[in-house]
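Novice: Fit chains B, C and D with the ligands to the supplied structure of chain A, relying on the hints for placement.
The chain contents come next:
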Amino acid sequence: MSDLFFTLLLLCDSALRLAAPLVLAALAGLYAERSGVVDIGLEGKMLGAAFAAAATAAVTGSPWLALLAGIMTSIGLALVHGFVAISQRGEQIVSGMAINIAVAGLAPTLANAWFHLNGQTPILEDGARFTSINLPFANALSDVPVLGPIYAEVISGHNLLTYLAVALVPLGAWGLFKTRFGLRLRAVGENPGAVDAAGISVHRLRYIAMTIAGILCGIAGTALSIGLSAGFVRDMTAGKGYLALAAVIFGRWYPVPTFLACLLFAFADALQGQLQGTPLPFVGEVPVQFIMMLPYIVTVVVLAGFVGKIDAPKASGIPFTRDR
Amino acid sequence: TSEPVLIYDLGGKFDKSFNEAAYSGAERYRIETGNTYKDFEPTNEAQMEQALKRFARKGAPLVLAIGIAYQTPLEKVAPEFPDVHFTAVDANINLPNVQSVSFREDEGSYLVGMIAAMKSESGSIGFIGGMDIPLIRKFGAGYTQGARSVNPDIKIMENFVGATPTAWNDPIRGGELARSQFARGVDVIYSAAGPTGLGVIQAAKEAQQYAIGVDSNQNHIAPGTVLTSMVKRVDVVVYESMLAASDGTWAPGNAVRGLAEDGVDYAVDEHNAALITDEMTARVEEAKRMIIAGEITLGE
Amino acid sequence: MYAIEALSISKRFGAVQANRDVTLQVAKGTIHGLVGENGAGKSTLMNMLYGFHAPDHGTIKVDGKEVSFKGPVEAIRKGLGMVHQHFMLVDTFTVIENIVLGFESDRRMAPTLASARDKLLKIEETYGLAVDLDALVADLPVGTLQRVEILKALYRGAETLILDEPTGVLTPQETAALFEVIKTLRGEGKTVLLITHKLGEIMGITDNVSVMRAGTITKTFKTSLTNENELAEEMVGRTIIREVNKELTEAHRRILRVDNLYAEDDTGKTRLNGVSFDVHGGEILGIAGVSGNGQSELLEIITGMRAPSGGSVIYTDLKVAKKNRAADAEKLRGNGMGHVAEDRHRFGMVGPMTAAENTILGYQGRESFYQGIFLDPGKVRAHCQSLMDDFDVRPPTPDLPLKNFSGGNQQKLVMAREMAQEPDLLIVGQPTRGVDIGAIAFIHSRLVEMRNKGRAILMVSSELEEIMTLSDRIIVLCDGRITGTGRPEDLTETDIGLMMAGRYEKEAS
Amino acid sequence: MSTRAPTDLPRLVDVGLIPALNLLTALVISGLVIWVLGEDPFEAMSLMVSGAFGYGEAISYTLYYTTNFIFTGLAVSFAYRCGLFNIGGEGQAVLGGIGILIAALLFKDLPGLLLIPLCIIFGAALGALWAAIPAWLLAKRGSHIVITTIMFNFIAAAFLSYLLVGPLRRAGAQSTESEDIVSAAQLMPLHDVFAFLGMAEGPANMAFVIALLLCLFYGVFMNRTKWGYELRVVGQNPAAARFGGISANRGIMIAMILSGAMAGLMGLNEVLGVQHRLVTNFTSGFGFVGIAVAFMGRHNPIGIILAALLFGALYQGGAEMAFEMPAITRDLVVMIQGLVILFAGALEHMYRPALNRIFANPKKIEAAR
Ligand SMILES: Nc1ncnc2c1ncn2[C@@H]1O[C@H](COP(=O)(O)OP(=O)(O)OP(=O)(O)O)[C@@H](O)[C@H]1O
Ligand SMILES: Nc1ncnc2c1ncn2[C@@H]1O[C@H](COP(=O)(O)OP(=O)(O)OP(=O)(O)O)[C@@H](O)[C@H]1O
Ligand SMILES: [Mg+2]
Ligand SMILES: [Mg+2]
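Keeping their order, the protein sequence lines are chains A, B, C and D. Residue numbers for the first sequence follow the working numbering, so the first one is 1 and each next one is one higher. Residue numbers for the second sequence follow the working numbering, so the first one is 325 and each next one is one higher. Residue numbers for the third sequence follow the working numbering, so the first one is 625 and each next one is one higher. Residue numbers for the fourth sequence follow the working numbering, so the first one is 1134 and each next one is one higher.
Next up, chain A with everything else stripped away, as it sits in the complex:
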């Protein structure tokens, strides 16, 4: 029993850590799509930010400057996508793909040019990273039954950006549903004509949304390269951008459910790692590849079994013009 409890705590701890970049990227995707811009370029923005942050941290030794660099890079990429999607009315999916591919090539190219480590940046010292923080009393409280271990194992011991990711969920929800800006943003993703008729610039709102998406992806990428690991590695996003997009859809474009979807993905992933090599009841030892499928199968099953039909923001992916 207590063994199971402990395992569960470990899984939750791991899930929270793995979920952090996903959550940030998913919130980015959520804001973009709520404004009517489809963004499959989350992956590229994260990767770009991961590289910029790691490179800056390697050069300056400051995680804060690194975060700034990550965010600025990601905003830059977001605005490129915005320019295509909003001003040029180009194909948004193609633009997102293009950004993903271009960054996947550019980041290691620059890494090579600057650090002569080709795909990578130098390995960072702790001082240049966001290292894990032990929350106050984590050790003292860990003896308190049930809650103590939860606090010490699951809640304490993450890096600052993970806490930021979690904090941004309610903030994101508040912004979307309790503020004027959120009202306008949601409106522009549903019916930009209505927003335009109310005298608000559709383009401006969408650019702001893309900037927010840029900031969030910037934090996500920074969390990857200088929070969860100690440097940039080629392709280190490993499909997280696409998974984040799936989480947004799963969460029906609502922040809290999207957050939960990210947690589900991350939990299934952590569980997968835990189950490898453990004989399962009834089936015995399962080839590791089948265990690795688990998170994806879980997602499909949950989606098909419990979520059902999902409607995207109506204007999502459709460029706006006044002339019909």
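Just to be clear, a hint being listed does not mean it is correct.
Listed next, the in silico SDA-like pairs over lysine to any residue satisfying Cα-Cα at most 20 Å (straight line) [claimed, not checked]:
(1) D/1359 - C/997
(2) A/314 - C/764
(3) A/178 - C/757
(4) B/400 - D/1303
For the record, the hints were derived by calculation from the structure and aren't laboratory data.
Specialist: For chains B, C and D with the ligands alone, coordinates are given in the frame of chain A:
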């Protein structure tokens, strides 16, 4: 041209692993002899054959191909260019113009497995492989056997990172798997997963436990954390082969390099000297001797 | 004193000169009508007054002062309000959220909504515009949406209100209620610019009326000094015969029997509650009713788009729909049932496809469009061309995407598609919604012609006048029940109005 | 998703000048990066072009890549015309490859004339199956196809990995690859088929011809058949489909099955054409590039062929550039591909307003009035 050509595996030049070792061997050749060489990183399977052919046709005296994936392309291309010399690392080819060299990764892994078992206080050690492929299983098997030779009851936790090539470039997941192993009582982890291993080393550093590096000497990455590295001397093969080609002493053949041939080893340097006690060294050296002497047999 | 003036305005869209040298002056405190054929340029002109588009030439004055709007927000500040032909509302928002959008009093929603609620309740009271502020827009009928739009304009301080075809989708009752509101507005000193295709409305409510033709205003009348025929002639440049020529037809065989039909809508709400009737060859059966009382479901079931939850539909002796089983829409067409959908944008057409491709929608399996097993684009195009010629669709270009045609022309093409197959039974919903009077007369005459040939027509319309002039028999639906049937000559509009409200049942045969 | 206003530009400008300008922009920016890296951008670009088309074998490689992109581009387009965004080309290609290999091993004693069609059937069937499951989940449960197809990519990759270390692994081999297929199953290289044209040796094979035939099939299916018409109606307006007696679910199933089959057939080129065995990761991201190919090709068969050719040339020319120039790595080549997709695929209308001003034809406007 008369430059030798080095063609990497899909992992790419700076994989902190065996491609990088190949690169450093070539660099050593360049620096020591003043001769130049060319290199190329393919992006997909088809480019492997293409690159072999292309450089052969352009008259390269020696083409070095790194990685098991060149087995089939080389078998096809080498006979077409009988005047070109090919050196294949990790593959196993019997052709008159091919020198193929593979390694006994299990022997090196055996030794680091022993070190891990001797260092472990918890009686529980870990292995993290990139993808579940035969080569990586060979690492794992040697490691397990070595550890068991020290402590037959030792618990060995084994994880693989993924099922696609991104598994080699995912330090985050590597770190997470390591954390999970550490939390479950493991105190030494050996990773055979390319750059993903950086995440393992990082996690070990945070958990104040040990990690064992792979392929290249990774001791310097986190002194005090990296217990040792299982080095695979691809660099030596590349260096020697290039040198031999320029001397005219290059000869075809099919070689396997283990401990006896200095093909694999465990690394001790200033970064980890303090972690390896004399007693440990003694036992490992003894085992090394026995393996070379054939007194210990590896595998099944 | 003019509330708003457009002086020598011109506007071109690419190849189309939508407005040329238009001058329109609207006196303060009046209701000013604007009429014209589809595509005459009415909406374009209004969009310029509201700051949506900038005119290429000419000036706009508000309260005598020249203005140059960069966008709607400036127009709104100058006291203009506009209700667009297609509502500018966010479906997923509540009414109050839609109203405050863009005019929030605070950065946070809570205080914004609180202060807006007070203000709105006052406006609702002043103008008699009852709307539930917390209802979700997606759940509201069009009539209410119209009020929401007006409420929105008033909330934003409109002194001059532009209404672009507000009555196109309204029932007579809703229209009457809207006109009450408009009159109240005039009473309060506000100015209203009203676009409509219904000349009766113009005569009934406006003070002045301007006629637009081919991008320019040809004439402005004092309403009391003109009449419908004069306006119609001015609009199209020729006399329009608006009488329909119904021949006497003998009793024909029964073609459709609807038997005790029950249905639920997508949300599970009961929409049809035991409806039964027959349709015979040589007659037009008109179904009247406030929209949302089961007409849509009825048409969808008969045409095979939806399954009934009880009862059955029998078409020429074939039982085509029974409980929980929809008929096969394609097969029905194959057996001679044509269908002009109520909502042409949603159902009747595929906007991005060419006109030609749209003319085989529903008939995509017809052998005559094929060459062996392959669809023959040449045959399809020729088919479309002949429909276009027959129904005077403009422009007569089969390769243009259908969405680029005006509403009236889209409707003509959709009608043509269904009538070209010479169906035994034509199911037609809202045949003339949003269509100009020339086209209305044309469509009506074609429907009657079809009936005269002995074919059956089942028509749903919220246009009472249309029901009364075209139908041989009338059925009134209210709340999923038949609340009245009769012949037009035996019923008055008041009778039908009461039946539609479910307050009066009369059986007159 | 977006449809564009009809243009008044001369056709030559529309289909010739605009794409050329876009491509040029991408190459200029790439050139700047190459220059920053200390190489000669002009030399690099000429290497790229001559590397892609300059000699016989290069052309063969270009066509080999083109073949893959045609398959995956068609896969994306088949689904997209029905309003579905199939991100699962990669996974479907994996399954297709597995199917092809299994058929080739299973029926290895049959003559090529029977064996190859069987491989085609198996490959198409497994690819189709891998797309049909998400399609079915969408039709029955409303499960979002973007999520399900992404997930199926991961599952397929893991499955392939399992097969190649497990049941399908070449006996005794250290590498993760299957047994070789028999020579009867191998697709003839184009240089053998078109020997009379003096075609140089290279990897391009009959799969290219099959891909071209499938483009023809795509065009005919979409524009000249009832199913194609129905599928497009479902894609543009599902409500109108219901009105026309068209089953949206059937449209979805057909579209995805054809889509998956196309992706699955990519294995013909890789397994039967070039590798003659199944290797891990043989899809190499071609499934994803197919998205760009489909959109750049405007979901039009000729467009898809041209876009695939462009990407084929970029792949092959890029490799050539990397062969020759030390500072240019495969990463830079990837970046150039990204920029081309961005400028030629997504920013295609950037120069349109300016060109409109230059080429605007007042007479034509008046005539239209
Ligand atoms: N955004 C646009 N782009 C191109 N052409 C347009 C646009 N809007 C209107 N037009 C053209 O301008 C002309 C006038 O259109 P407008 O919408 O003003 O007509 P209308 O009088 O409102 O018609 P209706 O009675 O059908 O509403 C149309 O023929 C159309 O071709
Ligand atoms: N993309 C376009 N290019 C050119 N003209 C267009 C385009 N879209 C619309 N139009 C023109 O704009 C005019 C108005 O279009 P709209 O669809 O609003 O017609 P409508 O008659 O006002 O609609 P309805 O009466 O059905 O509500 C039409 O005459 C149409 O020709
Ligand atoms: Mg209009
Ligand atoms: Mg209209």
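Novice: Against this structure, judge whether each hint is valid.
Specialist: Verification of the hints:
| no. | hint | verdict |
| --- | --- | --- |
| 1 | D/1359 - C/997 | 9 Å, holds |
| 2 | A/314 - C/764 | 18 Å, holds |
| 3 | A/178 - C/757 | 17 Å, holds |
| 4 | B/400 - D/1303 | 17 Å, holds |
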